[in-house]
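Chains A and P are the protein sequences, given in the same order. Counting from 1, position 46 in the first sequence corresponds to residue 1273 in this note's numbering; the numbering is continuous, with no gaps. Counting from 1, position 173 in the second sequence corresponds to residue 189 in this note's numbering; the numbering is continuous, with no gaps.
These are calculated hints, taken from the structure and not from any lab test. Using N, Cα and C, we set each Cβ at its ideal position, and we do this for glycine too. Mixed in with the good hints there might be a few duds.
Claimed, not checked - Straight-line Cα separation of at most 20 Å, SDA-like style, residue types lysine to any residue; simulated pairs:
(1) Lys181(P) with Gln160(P)
(2) Lys133(P) with Leu27(P)
(3) Lys167(P) with Gln143(P)
(4) Lys1256(A) with Val99(P)
(5) Lys1290(A) with Thr77(P)
(6) Lys181(P) with Arg127(P)
(7) Lys1256(A) with Thr77(P)
(8) Lys1290(A) with Val74(P)
(9) Lys1290(A) with Val99(P)
(10) Lys167(P) with Leu187(P)
(11) Lys1256(A) with Val140(P)
(12) Lys167(P) with Thr141(P)
(13) Lys133(P) with Glu69(P)
(14) Lys1290(A) with Val1279(A)
(15) Lys1290(A) with Leu86(P)
(16) Lys1256(A) with Lys133(P)
(17) Lys1256(A) with Gln160(P)
(18) Lys133(P) with Asn192(P)
(19) Lys1290(A) with Glu69(P)
(20) Lys1256(A) with Val74(P)
(21) Lys1256(A) with Ser1270(A)
(22) Lys181(P) with Val140(P)
(23) Lys167(P) with Arg127(P)
(24) Lys181(P) with Gly78(P)
(25) Lys1290(A) with Ile82(P)
(26) Lys1256(A) with Lys167(P)
(27) Lys1290(A) with Ser130(P)
To be verified - Cβ-Cβ distance ranges computed for the label pairs, FRET-style:
(28) Val44(P) with Val1268(A): 13 to 23 Å
(29) Arg67(P) with Ile1276(A): 49 to 59 Å
(30) Val1263(A) with Leu152(P): 27 to 37 Å
(31) Leu151(P) with Phe1234(A): 30 to 40 Å
(32) Ala60(P) with Ser1297(A): 25 to 35 Å
(33) Ala60(P) with Glu1291(A): 31 to 41 Å
(34) Val72(P) with Ile1276(A): 27 to 37 Å
(35) Thr158(P) with Leu1230(A): 18 to 28 Å
(36) Gln160(P) with Gly1273(A): 36 to 46 Å
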Amino acid sequence: MTLSLWFILIPFGLLLVVWLVLSIVAIVKMLRFGFVSRPAVISSFGFVIFAVGVLVATTISLKEVDWTASVEIGTPSVNLPSVNISNPLSR
Amino acid sequence: MKIQPTFPNMLPGERVVLMLHRHGFVAVRIALLYILLALVPVAAWLLLGTRTEVFVDVTSTGYALITLLLSAYALVWGLLFFVSWLNYYLDVWIITNERIINITQQRLFHRIVSEQKLYRVQDVTWQIEGVLGNLLKFGNVTIQTAGEQGKFTFEHIPDPEAVAKAVMNLLEQIENQMGANTMAKMDGDLLEGSPTAKTTGKPEPPLTPPAGAAPPSIKL
């Protein structure tokens, strides 16, 4: 069975939506109930910077991926390290 | 111990005496856990980079999958770390010259705020336990009150002895200001369950027991 590669973006997109909603709630709570103090503002700002950094890095890293390519389901596409297991019975 | 001059919804004439968070050791413990969790994707990145050729071809499916997984891990890690910090930072105990406010942020969507008038405090207990508690001087303060809430526990706060002493000093000040007679009258009002009118100065509506119920007993 073959699937287009961009299908794997669907679960990532769903995760991103849930993550975004929870992040906004968390930042609003921090700024609302944190008495708008310096640690509350700095930590919120730090979180936003970190999140933007991760998203930008992901976008740059995935820029060259060919999303129209198809993926064969059931066969591993990752090159795993080769393991040399000698048959003890052949010794 | 952190002292801040104001907080939202302060009463007129109210003054913040103490604003307490849990000891910094608790925050450091949370941070250490998340630093350990941050090492997992770094180790995975190094392992895959050295043992496989997945990062060689940046257009491959394997590269895309692993990058998305690492990205998702980083985003979830960041959010959980921030929420843990939020739960730590928004757990606050505020002691003013009039009341004690206990704010507990249990989860992102679970926040409990309870408060009690300072004159309702009956008993203050502080305790430091464990090696770390003794070394870093943090512990719990339990304040027994006459209200429905019963007791407030300030958990893992720095210098619990000083906090307990501060509460006792405030109580003494209130007793001196009000006088023993007023305090005794307030004790009676507490049994009736409507002490707020005494502090706000508003006229108190007459207590009307439900039909058939016995009148409340007043103990002076």
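- Query: Going through the earlier hints one by one, which of them does the structure break, listed in rising order?
  - Reply: Of the numbered hints, 6, 7, 9, 11, 13, 16, 17, 20, 24, 26, 27, 29, 31, 33, 35 do not hold.
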